[in-house]
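There are 2 protein chains.
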Amino acid sequence: MRSGTNPTVNDVATAAGVSTATVSRCINSPEVVQPDTLRRVRAAIDTLGYAPNFGARALAAKRTNTVGAIVPTLENAIFARGLEAVQRELAAAGSTMLVSSSSYDPEQEAEQIRTLVARGADALLLIGFERSAEIYDFLDRRKIPHVVAWAFAPDQPRPAVGFDNRAAMRALAEKTLAFGHRRIGLVTAQREGNDRAQNRWLGLLDAMRAAGLGEDDLSLQETVYDIESGRAAAHALLTRDPRPTVIMCGNDVLAAGAMIAARELGLSVPEDVSITGFDDIEIARVLTPQLTTVHVPHREMGRRAARMLIDMRDDATAADSVELGTEVILRGTLGPAPVTP
Amino acid sequence: MRSGTNPTVNDVATAAGVSTATVSRCINSPEVVQPDTLRRVRAAIDTLGYAPNFGARALAAKRTNTVGAIVPTLENAIFARGLEAVQRELAAAGSTMLVSSSSYDPEQEAEQIRTLVARGADALLLIGFERSAEIYDFLDRRKIPHVVAWAFAPDQPRPAVGFDNRAAMRALAEKTLAFGHRRIGLVTAQREGNDRAQNRWLGLLDAMRAAGLGEDDLSLQETVYDIESGRAAAHALLTRDPRPTVIMCGNDVLAAGAMIAARELGLSVPEDVSITGFDDIEIARVLTPQLTTVHVPHREMGRRAARMLIDMRDDATAADSVELGTEVILRGTLGPAPVTP
Chain A
1 MRSGTNPTVN
11 DVATAAGVST
21 ATVSRCINSP
31 EVVQPDTLRR
41 VRAAIDTLGY
51 APNFGARALA
61 AKRTNTVGAI
71 VPTLENAIFA
81 RGLEAVQREL
91 AAAGSTMLVS
101 SSSYDPEQEA
111 EQIRTLVARG
121 ADALLLIGFE
131 RSAEIYDFLD
141 RRKIPHVVAW
151 AFAPDQPRPA
161 VGFDNRAAMR
171 ALAEKTLAFG
181 HRRIGLVTAQ
191 REGNDRAQNR
201 WLGLLDAMRA
211 AGLGEDDLSL
221 QETVYDIESG
231 RAAAHALLTR
241 DPRPTVIMCG
251 NDVLAAGAMI
261 AARELGLSVP
271 EDVSITGFDD
281 IEIARVLTPQ
291 LTTVHVPHRE
301 MGRRAARMLI
311 DMRDDATAAD
321 SVELGTEVIL
331 RGTLGPAPVT
341 P
Chain B
1 MRSGTNPTVN
11 DVATAAGVST
21 ATVSRCINSP
31 EVVQPDTLRR
41 VRAAIDTLGY
51 APNFGARALA
61 AKRTNTVGAI
71 VPTLENAIFA
81 RGLEAVQREL
91 AAAGSTMLVS
101 SSSYDPEQEA
111 EQIRTLVARG
121 ADALLLIGFE
131 RSAEIYDFLD
141 RRKIPHVVAW
151 AFAPDQPRPA
161 VGFDNRAAMR
171 ALAEKTLAFG
181 HRRIGLVTAQ
191 REGNDRAQNR
201 WLGLLDAMRA
211 AGLGEDDLSL
221 QETVYDIESG
231 RAAAHALLTR
241 DPRPTVIMCG
251 NDVLAAGAMI
261 AARELGLSVP
271 EDVSITGFDD
281 IEIARVLTPQ
291 LTTVHVPHRE
301 MGRRAARMLI
311 DMRDDATAAD
321 SVELGTEVIL
331 RGTLGPAPVT
341 P
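So the protein lines, in turn, are chains A and B. So for the first sequence, our numbering puts the first residue at 1; every next one is plus one. So for the second sequence, our numbering puts the first residue at 1; every next one is plus one.
With the rest of the complex left out, here is chain A (with noise of 0.2 Å):
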């Protein structure tokens, strides 16, 4: 922390004429001081500058009332919704959510975590259930609470809220197959270190077995979460011959670039070309035609997510992990397959 004049937590006591017990809960638990008090002594840390540092707050109270949360990105929506959720429900309680981002890079994502926690963070929220066993390891010594969210499996021992990738994907994907559709192209995001990408590839690829397909039948394009990636990639399997009469992308943001790779080809959705996406975030209701998609509750994930990190915080007591349901949204870019030529 940098230097600077440092006024202590009893120059604030002083100042506003409480007692340094009082100034402690200001701090760390607002929610339960007197509206009137709590403006006295705010002015009163304002007017000295006074910032609590480590060891103060240490001594004032176990919490810290600040919970971290680490995603994979934070450029485009798939956890933005979900976060404000967090955040929200998070402030409600009297603490703040601090997030960073690890652009999908694990050793970022450790780093980050270890600095959440140097940064004194009570609690951590965390996407998706892989990671290295080092990092849980630290986790567990340091007894620092964390929610696995946007992944849900019932063989995992860690406290999750989500929803099951696989067995969505596959519903969407037996929608798709009832359509006709025969040759399928996918668009998805790197599946090694991201357990949503493998288990909704994994859940197209049950539906296609169930209807009598194989890999041979599946055209695959790996690429990262934007949309001008999600346009090159349905570009490359839209250009293949003979070309796939659907192109499932494994979010919103994937299917928003298949749709502009579509207009560019001359290619009419869903006439020529059905596309689905994944998320069922606001994008998908914008474009022309609307998106067929699966809907993740994202807000209720986060409310959900903040509600079990702020239990097992207060409580220290392991919550059980909560799966949420998710459901087929029927649009205009699904369509029957068209006849092959």
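It is worth saying that the hints were derived from the structure and are not from the lab. Nothing here was measured: the structure is a model prediction, and the numbers come from that model. Worth double-checking, as some hints may not be accurate.
One copy or two, it doesn't matter: identical chains are merged, so the pair holds either way.
Claimed, not checked - Calculated pairs, SDA-like style, for lysine to any residue (alpha carbon to alpha carbon, straight line, at most 20 Å):
1. K143 to P338
2. K175 to D206
3. K143 to T8
4. K143 to T47
5. K175 to Q34
6. K175 to A319
Start from chain A and add chain B according to the hints.
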């Protein structure tokens, strides 16, 4: 911070067979440490479950290599792309970015500034100039380097990386007026406490006055920044009599909502009504027709802000503000004003 075993920096140094100074370097300036040494020390840190606490950090280094960023919302892509650029630039410099969202609430922003300083942020990225004198005094007293982004004003003493929101909106409005539009609708964020929204509104009025129009020729709706709110606000404007011939929106997200409202009302864009946005985020290119908007160099703004924060932190010198240019992007949603029946 939660209790748990508390190994010391000496334990780590012993386990890694290095000096405590080297351990500190690995924590505070990993970029200057030999990779194999860094690996060895990190392994020891993980094995022992060591997390440097603030006291130790204060002794080990003036810097925590943590930079805080507080944005009004995480929910849409307006800030996400710029933040991702900040994060990559900081990561390259061995620093971690911690983000929090104020939900456009000045009280929450003040709380989060206090929290990030308490968590040891070396420097802060803030959005826009408008916040209480108390908070600025707090930052000055604590000597916390901070940069304002997304806004630029020559008369502002605070270091900023941004663009002239007023001039940018004026330039877009001049193009709109050149297409013959005289009945203007504006869907904007709440202007109070949001200098970006205020200046975009003022820029529109500048252009209207220069064209001999007045505030009476402007119908205005204030709302929050999401597609659904944009849809509702645009619907209210488009059902007025006489109907505005153009709906100018405070950003691309609101414009995407306005496109939905026009479609729902059976109005074709731009034949019946023109629509414009602001930001040129990816959603602008997935709309049909594509969106006329103002291109804001979000990535460049993020990179420059990050560099400025790093320099201010490391050299403790005040940085010069940077004004970036914006560009009007004419696409399909802006056309000639329909002839009034």
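### Task
Starting from the hint list further up, note which numbers the structure goes against and sort them upward.
The structure breaks hints 1, 5 and 6; every other hint is satisfied.
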